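> Each chain is listed here by its residues.
Number of protein chains: 2
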Amino acid sequence: MTRYTESVENLIENLCGLPGIGPKSAQRIALHLLSVPSEETDRLAAAIVSAKENVRYCSVCFNITEQDTCDICEDTRRDRTVLCVVEEPRDVIAIERSGSYRGIYHVLGGAISPIDGVGPEELRFAELMGRLRQGQVGELVIATNPNAEGEATAMYLSRMVRPLGITVTRIASGLPVGGDLEYADEVTLGRALEHRTPL
Amino acid sequence: MTRYTESVENLIENLCGLPGIGPKSAQRIALHLLSVPSEETDRLAAAIVSAKENVRYCSVCFNITEQDTCDICEDTRRDRTVLCVVEEPRDVIAIERSGSYRGIYHVLGGAISPIDGVGPEELRFAELMGRLRQGQVGELVIATNPNAEGEATAMYLSRMVRPLGITVTRIASGLPVGGDLEYADEVTLGRALEHRTPL
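Residue numbers (the numbering used here), protein chains in the order written: chain D, 1 to 199; chain H, 1001 to 1199.
Treat the hints with care, as some may be off.
[Unchecked claim] 30 Å max Cα-Cα, derived DSSO-like pairs, lysine-lysine: (1) H/1024 / D/24; (2) D/24 / H/1052; (3) H/1052 / H/1024.
Calculated directly from the structure, the hints in this document are not laboratory data.
Fair warning: this is a prediction, and the values are worked out from it, not measured in the lab.
Looking at chain D on its own, in the form it has when it is part of the complex:
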């Protein structure tokens, strides 16, 4: 017996491969789940299914929401002349937490990365161009991650948007280069937003 029982191995297999979870962590979590009351495991299983069922992408900006459009797109107090482009929904939360931004967003769903087979067609560029062509946006703030893929995406975007006569800015460096926007502290991220520069 060098393996666990079938349903334990099945659970480990399902846990393994989640972001940041390797075989050893998966095993630890699985055995932890077996040792807690079944109310707790039922609650976790239900939370997974329910989040998946209830959550969808905002039809305007592709942030996550439980309605058709997200709270930010619905909020009439937001400045609709400034649009911030981010890679993922978690980046929206990170920027909101900095308290330095009152405009609206567009979530691309990732960054251009030829090595991972992600080209512009896989991202929500067409939807962004559609929004920009409506003419209300005067400034596009590009807040993709300050790493290779994020910078490439920023360059691509800037070239696409320039013909529309919209000011294109990039959040300031000040974030550690090569890092992830998600892990920046609020002060650093706020500084980076204040110091955004024309591209």
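Got chain D; can you put chain H on it based on the hints?
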């Protein structure tokens, strides 16, 4: 909007606190789950519920099993004169993988740790003594972790068992002290088993 929607926050909350998963990892995993097909999340949720439903503790050794007694206790080819005491089911798997042991097991369910409120009564010592009093076991191999709690448990056990006239051995050092048995490589763990010494 500095928080996710309710069902996403609920999922993050349920993930956070699993072994090795803090708030940032929980957020990453939750957003990952939202981005995969629902078959995958359904499968994960089902795996959690099914493992919890099907898995119980072996009525003899308290290893995990899906029957009343585990495969090792059922296996007539195992040497029933040697009994190895471990803290957790994962330690059984680790020792089995080393290929250096052909006896049977007893899973205590942890180690004595006054600081965590775990005394001998919380562990399966009474059940172990019951098995030893049946007279079939000639050697007790103590394979609790080589850290403070594991050593204390080994000392306690050795004092309890000595009056029964059973040889008590401890897996050899060779494992990094202060570490976890679970993370030892097979060769080191095999060596430690071969070099077990009388206590």
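> When the hints from earlier in the document are held up against this structure, which numbers fail?
The structure conflicts with no hint, since it agrees with every one listed earlier.
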